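Enquirer: Here are the chains, one letter per residue:
Number of protein chains: 2
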Amino acid sequence: MKLNNHFLELKDSYLFSTVARKVREFQAANPDKKVYKLSIGDVTLPLAPAVIKAMHDAVEEQAHKETFRGYGPELGYDFLRSELVNYYGKRGVKLELDEIIVSDGAKSDLGNILDIIDPSNKVLIPDPVYPAYVDVNVMGGRKISTIAGNEANGFKPLPYDGLDADVIYICSPNNPTGAVYTKDELKKWVDFANSKNALIIFDAAYESFITDPTLPRSIFEIEGARTCAIEICSFSKIAGFTGTRCGYTVAPKELVFDGISVNALWNRRQSTKFNGTPYIVQRGAAAVFSDEGMKQIQENLQFYRDNAKIIKEGLNSVGVWSVGGENSPYVWARTPKGMKSWEFFDKLLNEYGVVCTPGAGFGENGEGYFRLTAFGDREVTKEAVKRVIELYK
Amino acid sequence: MKLNNHFLELKDSYLFSTVARKVREFQAANPDKKVYKLSIGDVTLPLAPAVIKAMHDAVEEQAHKETFRGYGPELGYDFLRSELVNYYGKRGVKLELDEIIVSDGAKSDLGNILDIIDPSNKVLIPDPVYPAYVDVNVMGGRKISTIAGNEANGFKPLPYDGLDADVIYICSPNNPTGAVYTKDELKKWVDFANSKNALIIFDAAYESFITDPTLPRSIFEIEGARTCAIEICSFSKIAGFTGTRCGYTVAPKELVFDGISVNALWNRRQSTKFNGTPYIVQRGAAAVFSDEGMKQIQENLQFYRDNAKIIKEGLNSVGVWSVGGENSPYVWARTPKGMKSWEFFDKLLNEYGVVCTPGAGFGENGEGYFRLTAFGDREVTKEAVKRVIELYK
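Chain order of the listed sequences is R and Y.
To convert, note that position 65 of the first sequence is 65 in the working numbering; the numbers rise steadily by one, no gaps.
To convert, note that position 360 of the second sequence is 1360 in the working numbering; the numbers rise steadily by one, no gaps.
Excised from the complex, chain R in its bound form:
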């Protein structure tokens, strides 16, 4: 028996576990000092009351023979898929019910989607980027090239003459940079993908943070996307489902390569290697789109948006170059005086008691930058920003 040796090519130490270890070490050495964390992308506000009510009701249904539900449809209940059709419809994106495939989260879909993609394809990944895009491709022994985000392109790389790719990852609003592609910019990627017969894997996990009505929240707002893109999205950020687990993939009917439908293959993959998202969770997810649910969710999102604004304005006040923080929960900023990311991280933690995420952990183009997140408490956010600013003075 031979194991998959490509796993040995993975980088050993994962970014967030290294950050966590350094924080633990600092706290052990300084038990009396408070640590202000703006490092992780996890939400902190509880689930909305409408979601809680729907889940209590669903738990109760599972308690009685008359209403008990066993195996559900592997691809998701229609009651949730129809809410998602409406959600997209409200911003002018027309989807059919069976173009939406419900899952246990975007992270699962982003990894599992590779099952339906031949290993011979050339994969293009932006750098800096969410580390899992790279890892899942390394595990599959796939050929990866990167395209650089930097200050010149506002961390929104665009296709250029001579660029080659079969599979293209795009995350907008971006993790880690918070940069958001405009419609014109996304159109360039869609045209490029269609001209190359390439597939775009569009990660829309942060779409709910977009408030600027001119910015695209779905790649399917772009003409031509239905023949070149799938979109993977999540309830984690819109509704705080990080520990409740629900996501979905949109695979349009027109997305066909060599006569084979991506939707049909993904459907088969999920029906064979997955058995559906818990009924209780799907009821909770559907409640997000009720009138009360949507109102409650927006209050939570606004709280995080206000945090992002505090971070952004703080950095602006001392003239730090940054991107994100508007239409995104992440702010991506340049370290002072050309400091390396990890050097800055250590100084910020050890001298100021603040935890950021070092940009270099997201790829070589992240060197010299760091990420702050808007998911913290208000007082933690305010105090952390005050301290970060001190470091620049």
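Worth flagging that the hints you see were computed from the coordinates, not collected in a lab.
Hints may contain errors.
Pairs of lysine to any residue residues, derived as SDA-like cross-links and limited to a Cα-Cα distance of at most 25 angstroms, are as follows [as the list claims (entries may be wrong)]:
#, chain 1, residue 1, chain 2, residue 2
1, R, K65, Y, D1306
2, Y, K1065, R, F16
3, Y, K1011, R, S271
4, Y, K1011, R, K295
5, R, K53, Y, T1067
6, R, K2, Y, D1098
7, R, K295, Y, E1061
8, R, K122, Y, D1098
9, R, K65, R, D78
10, Y, K1337, Y, K1393
11, R, K2, Y, K1143
12, Y, K1034, Y, P1252
13, R, K382, Y, H1064
14, Y, K1386, Y, H1064
15, Y, K1094, Y, K1011
16, Y, K1188, Y, N1153
The structure presented is a predicted model; accordingly, all values stated were derived computationally and were not measured.
Starting from the structure of chain R, add chain Y where the hints point.
Expert: Positioned in the frame of chain R, the structure of chain Y alone reads:
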């Protein structure tokens, strides 16, 4: 972009969807006739009160900032893993906490485990078998050979001289046949796997149906299994979690190939392509092992076991050859007069209004057999058995 063409090698029509279509057609043509279904493997009893209470409590925790839980540990909360350590410990199987990796279900694990296994391995699958074993290997373009279950071996094939395999699937109690390997028989597989440096993927989804204390409920009750086997199990059958979704994989520390740990690779796979089982669901699963939970679960299991006994005794009363029905929710029986499986299925449905699962749908060695399940209502089970017996008279 090239899609994974191995998906085109999958058989188009899935067993259970064909069964469902035929039943729909019969009901449309005979709207006044009642149909008695003993075909599907889904549970019908509601979740146990202890599980319901634990899930209500967990939903409530998610409603308040002080108790809200975001991202959980990808491999499962310790509160659930320690319950599983105890559950195995009670039958003398000693496991460490991090040898148990919690997931959203056995079906996911049975498919996803192939990510860590090199495609060059030779896969051995018993026939008849749960169709997903074959499908997930076909999708990966793997070389599959089968080993025949038949009346001579009681549908419990054993290794023989000249048999070759790198990866071996074993399901005991078996789906679809209900046959259960003895310790001596499993020891033959364990010795074979160790001698060949092969991996056994042991599917223990139906272990909770075993009441005979001499029969093994885990492969880790067999000496030598920790160096050749992983075990995949589920809360679906023990506690009716088919729509609630929780399972786990046991990967012992001693399971190492070419110096690489299976536990470490599966850990990395799940940490990268999965984000944990919902907190609410894990709380429900842990409650299964409380004193009340275990008592309530056993009542449900006994109900299904009594159904199995009714089926078994009915078939015995007219001298039908069958296996299973003891220590298993499935009964696997020979059709009358050498009838083909689908011919029998059609006759049983159209003339007697009873739905079975045709054995041929589980592989070529299933031809001439059919499966009945114990998961139905009591009255449906009784009436269905009465009608099946009629067909034999």
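Enquirer: All hints, please: hold or fail.
Expert: Tested hints:
With a C-alpha separation of about 18 angstroms, the suggested pairing of K65/R with D1306/Y holds against the 25 angstroms cut-off. For the given pair, K1065/Y sits about 23 angstroms from F16/R by alpha-carbon distance, which is consistent with the 25 angstroms threshold. This hinted pair checks out: K1011/Y and S271/R have alpha carbons roughly 13 angstroms apart, not beyond 25 angstroms. Between K1011/Y and K295/R the alpha-carbon distance is near 47 angstroms, which puts this suggested pair outside the 25 angstroms criterion.
Proposed proximity of K53/R and T1067/Y is supported: the alpha carbons are some 17 angstroms apart, at most 25 angstroms. A C-alpha spacing of about 23 angstroms is found between K2/R and D1098/Y, which places the hinted pair at or below 25 angstroms, so the restraint holds. Under the criterion of a C-alpha separation no larger than 25 angstroms, the hint pairing K295/R with E1061/Y is consistent with the structure, at around 21 angstroms. Taken as a hint, the K122/R and D1098/Y pair is broken in the structure, with Cα atoms around 36 angstroms apart against an allowance of 25 angstroms.
About 22 angstroms separates the Cα atoms of K65/R and D78/R, which keeps this hinted pair within 25 angstroms; it holds. A distance of roughly 11 angstroms separates the Cα atoms of K1337/Y and K1393/Y; the hinted pair therefore holds under the 25 angstroms criterion. Distance restraint check for K2/R and K1143/Y: the Cα-Cα separation of roughly 14 angstroms lies within the 25 angstroms cut-off, and the hinted pair is therefore satisfied. A threshold of 25 angstroms between alpha carbons decides the hint, and for K1034/Y with P1252/Y the separation of about 49 angstroms lies outside it, so the pair is violated.
This hinted pair checks out: K382/R and H1064/Y have alpha carbons roughly 23 angstroms apart, not beyond 25 angstroms. About 54 angstroms separates the Cα atoms of K1386/Y and H1064/Y, which puts this hinted pair outside 25 angstroms; it is violated. Annotation: proposed proximity of K1094/Y to K1011/Y is violated, straight-line Cα distance about 41 angstroms (limit 25 angstroms). Annotation: proposed proximity of K1188/Y to N1153/Y holds, straight-line Cα distance about 14 angstroms (limit 25 angstroms).
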